[in-house]
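Undergrad: Residue strings, one per chain:
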Amino acid sequence: MRKRRYYPVIYVILVLAFTVYIFLNTFVLQQSYQSVEVVSANNSSTVTSDAVSNEDDSEASQTSITISTDHQYDSDFYIADIVLGENDSIYTALADNTYGSNITETTSTIAESVGATLAINGDFYGVQSEGYVIRNGELLRSTMKSSDQEDLVIYEDGTMDTIQEGDITAEELVANGAYNVLNFGPGLVEDGEISVASTDEEDNARTLVNPRTAIGEISENHYVFVVVDGRTDASTGVSLSELATFMQSLGCTEAYNLDGGGSSTIYYNGEVLNNPTTNGNTFEEREVSDIVYIS
Amino acid sequence: MILSIFLKKKQAYFVVSLFLLILGVVYEYFSHGVYSIYMVGAFMIPIAFVVISKMSEILFRIKLINKTAYQLLCFTAVLASLTQGIIVIYGTSNSLVDGYLGFALVLCVALGIEIKHQKKMWANRFKVI
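Protein sequence lines correspond, in order, to chains F and D.
Just so you know, the first sequence maps onto residues 1 to 295 in our numbering.
Just so you know, the second sequence maps onto residues 1 to 129 in our numbering.
Possibly wrong hints are sitting among the right ones.
Footprint (simulated), chain F over chain D, 3 or more residues, beta carbon under 8 Å [claimed, not checked]:
no., segment
1, 64-78
2, 81-91
3, 94-106
If you're looking for bench data, these hints aren't it; they were derived computationally from the structure.
Don't be surprised by glycine CBs; every beta carbon is placed ideally from N, CA and C.
Just chain F, same shape as in the assembly (with noise of 0.2 Å):
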């Protein structure tokens, strides 16, 4: 009698235990898998810190930067155009400078630890398990998340491209010279054309409408980094299909989307450009896996 009575106690309290160590585990504890080198213009070669300009200055330095804003769709659309110097690259950088799950840290503060000039959140590689994930020319992650899953890759040279993940594997993208693999997605514009119908969304996502994070490429060594405020009625955010329209008309060939949402975020010359919100009411970075900057 007395086995019978205790047995589902004894079960529940497992149980819940259970699923508390699954909580911690995906939102608390800290696993660091790989310690990563930064590469920045403090212990680069090839790029310099007085290499960056705005525009006041652009012909002192090799790379230009050129914020402006915009409003369409109901939203404040932040622009970073750039023209890359010829030593210089399109550089990612994690949390803490460390691979792991659940470490983190604001995209102003991954940027101010690098140096960068220009940064925007990256794809937030740390809520996924799966998807791969290459890092200034490291394989950190060459887990497939879906053959479908699309990646964007930025190439030694600058080049981006988007690829399935069923289609290559993240070691013979190490192998073609892929530096880069952000891995959130999708691709909004390739090749010219935009890739997204008007109806597509993110899994799970209830509205169309959000703020969002991309990046493009125009021409060789010339990018664009766009975030659009969302969740406001000031700024209502963008679908995805307005976004590839957007950077279509910025005269991309290639552009991508990464982590939106409350992630969204634009930082230069030290300040947060956008308004990150995750609630519409309530404005503050969200912490993230990484970021993706210009140096």
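Fit chain D to the supplied structure of chain F, relying on the hints for placement.
TA: Relative to chain F, chain D alone:
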């Protein structure tokens, strides 16, 4: 055990179901435009367990709803669904959630033993009569 006594009544499953429906709606409201069928649909689980129990009663004359393992199975299914829902809404995944299947498997075995044990008791009772 409170849960066990509570879940022996069919009405209790509907109360739990209603609670899960409200929880799902409230959680979805604050989930910043992200939904999960595991969260929204969690309220269907207790109803499904009542229906299965009723079918079992009609077809096999086994009242599953009275079985402790069956109640715990329902509890586990609800917990797994809510956990997966929260994880999906956050935009992540965790393979540990599959561990609930292990718990469910153990409970299915326990349920089988419970049913067998009860049949034996009934058989012995008829023998005495």
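Undergrad: Decide, hint by hint, whether the structure agrees.
TA: The hints, checked one at a time:
Counting residues of the segment 64-78 of chain D whose CB falls under 8 Å from any CB of chain F gives 5; the rule of at least 3 is met. Check result for the segment 81-91 of chain D against chain F: holds, 7 residues qualifying (beta carbon to beta carbon below 8 Å, three or more required). Taking a C-beta to C-beta cut-off of 8 Å, the segment 94-106 of chain D contributes 7 residues in contact with chain F, enough for the three needed, and the coverage statement holds.
In this structure, every one of the numbered hints holds.
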